[in-house]
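If you read the protein sequences in the order shown, they are chains A and B. Residue numbering for the first sequence follows this note's numbering, starting at 1 and increasing by one per position. Residue numbering for the second sequence follows this note's numbering, starting at 1 and increasing by one per position.
Calculated from the structure, these hints are not laboratory results. Virtual Cβ for every residue (Gly too), placed ideally from N, Cα, C. The reader is advised that the hints may include incorrect statements.
Per the computed footprint, the stretches of chain A lying under chain B, defined by three or more beta-carbons under 8 Å from a beta-carbon of chain B, are [as the list claims (entries may be wrong)]:
| hint | stretch |
| --- | --- |
| 1 | 12-21 |
| 2 | 65-75 |
| 3 | 158-170 |
| 4 | 245-258 |
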Amino acid sequence: MLELVRDTYRYRELIWALASKELKIRYKRSALGFLWALLNPALLMAILTLVFSTISRVMGVRYYSVFLMSMLLPWTFFSQTLSYAVESIVSNGNLIKKVDLPKLVFPVAAMVSNIVNFVLSLIPLVLLIVALRFPLHWTWIYLPIPLLGLTMFALGLGFLVAALNVFYRDVAHIIQILLSAWFYFTPILFSLDFVSPHLRWILRLNPILYVMNGFRLAIYYGLLPTAASVGMSLACGAVALLIGFGVFRRCQNSFVFYV
Amino acid sequence: MSSEKGIRESDVTIRLAEVVQRFRLIRDRPDTLREAFTKMFRRRDEFQVFEALKKVSFQVRSGEVVGIIGRNGSGKSTILKVIAGIYKPTSGLVQTHGRIAAMIELATGFHPELTGRENIAINGMLLGHSKREMREWEPRIIEFAELGDFIDSPVKQYSTGMYMRLAFAVATEVQPDILLVDEILAVGDAPFQAKCMERMRQFTNSGKTIVFVSHDLSSMRNFCPRILLIHNGELIDDGPSDSVIAHYEELVLRPVSVVRS
Chain A
1 MLELVRDTYR
11 YRELIWALAS
21 KELKIRYKRS
31 ALGFLWALLN
41 PALLMAILTL
51 VFSTISRVMG
61 VRYYSVFLMS
71 MLLPWTFFSQ
81 TLSYAVESIV
91 SNGNLIKKVD
101 LPKLVFPVAA
111 MVSNIVNFVL
121 SLIPLVLLIV
131 ALRFPLHWTW
141 IYLPIPLLGL
151 TMFALGLGFL
161 VAALNVFYRD
171 VAHIIQILLS
181 AWFYFTPILF
191 SLDFVSPHLR
201 WILRLNPILY
211 VMNGFRLAIY
221 YGLLPTAASV
231 GMSLACGAVA
241 LLIGFGVFRR
251 CQNSFVFYV
Chain B
1 MSSEKGIRES
11 DVTIRLAEVV
21 QRFRLIRDRP
31 DTLREAFTKM
41 FRRRDEFQVF
51 EALKKVSFQV
61 RSGEVVGIIG
71 RNGSGKSTIL
81 KVIAGIYKPT
91 SGLVQTHGRI
101 AAMIELATGF
111 HPELTGRENI
121 AINGMLLGHS
131 KREMREWEPR
141 IIEFAELGDF
151 IDSPVKQYST
161 GMYMRLAFAV
171 ATEVQPDILL
181 VDEILAVGDA
191 PFQAKCMERM
201 RQFTNSGKTI
211 VFVSHDLSSM
221 RNFCPRILLI
231 HNGELIDDGP
241 SDSVIAHYEE
251 LVLRPVSVVR
261 S
């Protein structure tokens, strides 16, 4: 784990360069360029607000678009990070075969480029909140904590799937299916309150639930999560990172033979 | 990196001791989980062990230019990759002292969509340099590569020659202590080749080490006073270029003469 911190720091410039390369390529040769990082979530929000304006009345959730976005944006960060990370070793196979680098820079760079996208996507959310005259709660300042938990969780799983995908390319496909199932298993479109009480325990087995709740509480409800919930979310992140990086580290020297 | 751990003994920059590099030569690797599952029950040997290097030992002193020759698949490039740290040897010891720039293939890590200038920065960082250092060296790299205005165009628009010139310029301008070169004596046109040769001479004059892999025997003879001959993963000769090249020619010709007799 010390190795992770040390090499990330030592190679911070390279990681940043790889991440910004990722972003540059994503938006290169599009007329609006980097603006898409803002426009994408903004347009999505506009559509969802229109579509769900009636449903939100039925469900009794006011400002449903804010309710939804408070979890959908972090979820997008999570799922995008995994989708990028899972391919990060295989797609950089050319580099791995020709330069001696700590392999961890690739999943970390995948995470960094998505964190930039996530933070940018918060700007349209703030604009939406202001436009809807929804209160901009002071609890926003608490967001770095769930973001830390989510980043650890995403990076841990990212390491795991990146390593496995080197040996079994199916993992990249499986992860997409898994992510869409996981999306509905996590109360993003709905709230845990809508689920009948004796079924809730099943949803509580979801390790990403606690950290997601932190985002919604702070953005939508203007509340802070309980200490137990914070602890739980950081613990899930730390465990994922320990396991994921552990597996990654064990097999990183054989990557070069399989990419 | 391994360079800091190396024992500083006199002026040895590269030391390989009894290096064995085994590969699993997989005939039919399970690429998918389904195959992995079915193979689990079949219990068959899916891979053979292939020994690419069999107890290879040698040392290179700083300022030396060493060539490695051998037939295709003899293990030449594997040696370079072991020195570069890309392969961790199955057994044996590899010690290197100093910063390594490996040109295992030119233009490693160039991204076609990024401009020449952007690629210089990324390439330098891949070789372990900071952004600041690269900014400092950038003008000289651009000048050496003779790219002119193309430097701000995406490299996918470059000609092969421009691409190779840029790669060579980056790898040699970043001041490595050890330069590993795999089969690139054919960089660019004749004037540029002369320039590259001149650059590599300066390199060795300042006490730096070059290890070459090539099939071009005449340029090897010109450029490398010392040559290693690798055959089937074994180091079978190590000495002055003329005698080793003669040994190699004999080795290559032998099977042919057997057929003729």
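Worksheet item: Quick check: which numbered hints come out false for this structure?
Response: Result: hint 2 breaks, nothing else.
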